[in-house]
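J.: The primary structure of each chain is shown beneath.
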Amino acid sequence: MTATQVELVTPERTLYSGEAEMVVTRTVGGGNIAFLANHMPFVGAIEPGLVRVVLEGGDEVRVAVHGGFVEVRDNRVIMVADVAELAEDIDVERARRAQEEAQRGAGEDPEAEAALRRAEVRLEVSGRA
Amino acid sequence: MAGGQERLLRGRIRSIQSIRKITRAMELIAASRIVRAQNAITAARPYVERLGQVVQDLAAAPDARAHPLFRQVDQVRRAAVIVISGDRGLAGGYNSSVLRATERLLRQHSADGHGTVLITVGRKAQSYFRFRGYQVDHHFSGISDRPSFADARRIVATVMAPFAEGDLDMVEIVFTRFKSLASQAVTTRQLIPLADQGADEAGEAEGRPSAEGERRTVDFEFEPDPADILDRLLPSWLEAQVLAALLESAASEHAARQRAMKAATDNADDLIKTLTRVMNRARQDAITTEIMEIVGGAEALRSARGTQQGVRAQMNADTATPS
Chain A
1 MTATQVELVT PERTLYSGEA EMVVTRTVGG GNIAFLANHM PFVGAIEPGL
51 VRVVLEGGDE VRVAVHGGFV EVRDNRVIMV ADVAELAEDI DVERARRAQE
101 EAQRGAGEDP EAEAALRRAE VRLEVSGRA
Chain B
130 MAGGQERLLR GRIRSIQSIR KITRAMELIA ASRIVRAQNA ITAARPYVER
180 LGQVVQDLAA APDARAHPLF RQVDQVRRAA VIVISGDRGL AGGYNSSVLR
230 ATERLLRQHS ADGHGTVLIT VGRKAQSYFR FRGYQVDHHF SGISDRPSFA
280 DARRIVATVM APFAEGDLDM VEIVFTRFKS LASQAVTTRQ LIPLADQGAD
330 EAGEAEGRPS AEGERRTVDF EFEPDPADIL DRLLPSWLEA QVLAALLESA
380 ASEHAARQRA MKAATDNADD LIKTLTRVMN RARQDAITTE IMEIVGGAEA
430 LRSARGTQQG VRAQMNADTA TPS
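In order, the protein sequence lines correspond to chains A and B. With the numbering used here, letter number 81 in the first sequence gets 81, and the count goes up by one each step, no holes. Add 129 to a position in the second sequence, counting from 1, and you land on the number used in the numbering used here.
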């Protein structure tokens, strides 16, 4: 099985860099998409949610990505996100509190709306929605 | 008399010693912060570079050229100028050079008949332009020491809305580029409209991937369509550029401060050495004078006593004779 080079970068740090068998994400307006080795050149906007980087041997790295961009070319999948975190780094308690707090303000306040969205994504990715 | 001068010098030396302690401490603090600032630049670099690549690849897309990010305006009506300075002084020429470059840019704009929106980062920039009668439209402080992505986002927010409404045609940023520990340079970069790729030398150094040579143009599949992606990409791209500028400026400020404080500490060392020498000389002189006085006094006393004794002997002799 040929592998593809994957990089997931945020302004603070590089979350993942290495080989993988497959990357699964969801693009804005396009639904789920999986990139295998030698995928055709592609540029897309990532819908906030779970990104799965499937490694050879079946292990996977789960990442909460709060919007960003993906570019595929020359057998490299590069994902760029303003805010993203690895599933194991997510503070579930905090996300739950943030979700409750944001639910009260949601509806009119776009800031709270965004916070709610982020909290939901975190809970979804950590598998404890 | 002479002792007074010695005391005066001792006081001056003591005050220079305590100033030296302060400059030395500032030097060490700045040195340790440079390392942290450099690490932040390194950590953010992949993000900035990768985003630059996406922008570049999108630029090649068929209808991307019409997007506001790339649209070259024939007639600039209003330009936003973002200037990044420090909150504190004592950093050598760091603040003044970036501020002077900004003022030149503002003058150029008004000479060309462009309106300007001035956005200052750092207390030094705010007070400089306020004092000179410029209108500071947005101001940020307390972030230049340790800038974060959230700070970059707040700064970009001030230009995004007017740009979207067509109130702004151009966005420029003036900051200090951190080339190396020994060399930093004031840089003016045009963020919007995005200049043609590879046109400006500064952009190349920032790692827009001309380093890899000409990137082949590839036929990409886009999802959603390029214009939609560009709409989403525009703020992120601006934020990345502003963040990079903030981080480089922070490292430059620490480097400039370290250099300035090292020079001040060295000067203090020299001054202390010279003054100590002068003081010792003065003390020596005072001691010599004192000894001379004592010796002179003793001599005078002895000779005085000598003559007195002579007189007394004479007197004794005189009184003795009749008896």
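Note that these hints are calculated values from the structure, not bench results. Among the hints, a few may not be true.
Said to hold, decoys possible - In silico contact screen, one side only, chain B against chain A (beta carbon under 10 angstroms); selected entries:
| # | residue |
| --- | --- |
| 1 | Glu-178 |
| 2 | Arg-179 |
| 3 | Leu-187 |
| 4 | Pro-191 |
What the hints assert, rightly or not - Simulated restraints, written as ranges between beta carbons of each label pair:
| # | chain 1 | residue 1 | chain 2 | residue 2 | range |
| --- | --- | --- | --- | --- | --- |
| 5 | A | Glu-56 | B | Asp-266 | 40 to 48 angstroms |
| 6 | B | Gln-204 | A | Gly-127 | 53 to 61 angstroms |
| 7 | A | Asp-109 | B | Gly-295 | 21 to 29 angstroms |
| 8 | A | Asp-109 | B | Leu-157 | 56 to 64 angstroms |
| 9 | B | Gln-264 | A | Pro-110 | 24 to 32 angstroms |
| 10 | B | Ala-290 | A | Gly-30 | 26 to 34 angstroms |
| 11 | B | Ala-286 | A | Arg-13 | 33 to 41 angstroms |
These numbers come from a predicted model, not from an experiment. Here a beta-carbon is modelled for each residue, glycine too, at the ideal position from N, C-alpha and C.
J.: Now tell me, hint by hint, if it's right for this structure.
T.: Here is what the structure says about each hint:
Interface restraint check: Glu-178(B) against chain A, minimum CB-CB distance 9 angstroms, threshold 10 angstroms, status holds. The interface hint given for Arg-179(B) holds, since its Cβ lies 5 angstroms from the closest Cβ of chain A, which is under the 10 angstroms cut-off. With its C-beta approaching chain A no nearer than about 6 angstroms, Leu-187(B) sits inside the 10 angstroms limit, and its interface hint holds. About 13 angstroms separates the beta-carbon of Pro-191(B) from the nearest beta-carbon of chain A, more than 10 angstroms, and the hint is not met.
Remark: the range hint 40 to 48 angstroms for Glu-56(A) to Asp-266(B) is contradicted by a beta-carbon distance near 54 angstroms. Gln-204(B) and Gly-127(A) have their C-beta atoms about 55 angstroms apart, which keeps the hinted 53 to 61 angstroms range intact. The hint said 21 to 29 angstroms for the Cβ distance between Asp-109(A) and Gly-295(B), and at roughly 27 angstroms that hint holds. One distance hint, 56 to 64 angstroms for the beta-carbon pair Asp-109(A) and Leu-157(B), is violated here, with the actual separation near 46 angstroms.
Take Gln-264(B) and Pro-110(A): their Cβ atoms lie about 29 angstroms apart, and the range 24 to 32 angstroms holds. For Ala-290(B) paired with Gly-30(A), a C-beta distance near 28 angstroms keeps the hint of 26 to 34 angstroms intact. Range check, Ala-286(B) to Arg-13(A): Cβ separation about 24 angstroms, and the 33 to 41 angstroms hint is violated.
The structure shown violates the earlier hints numbered 4, 5, 8, 11.
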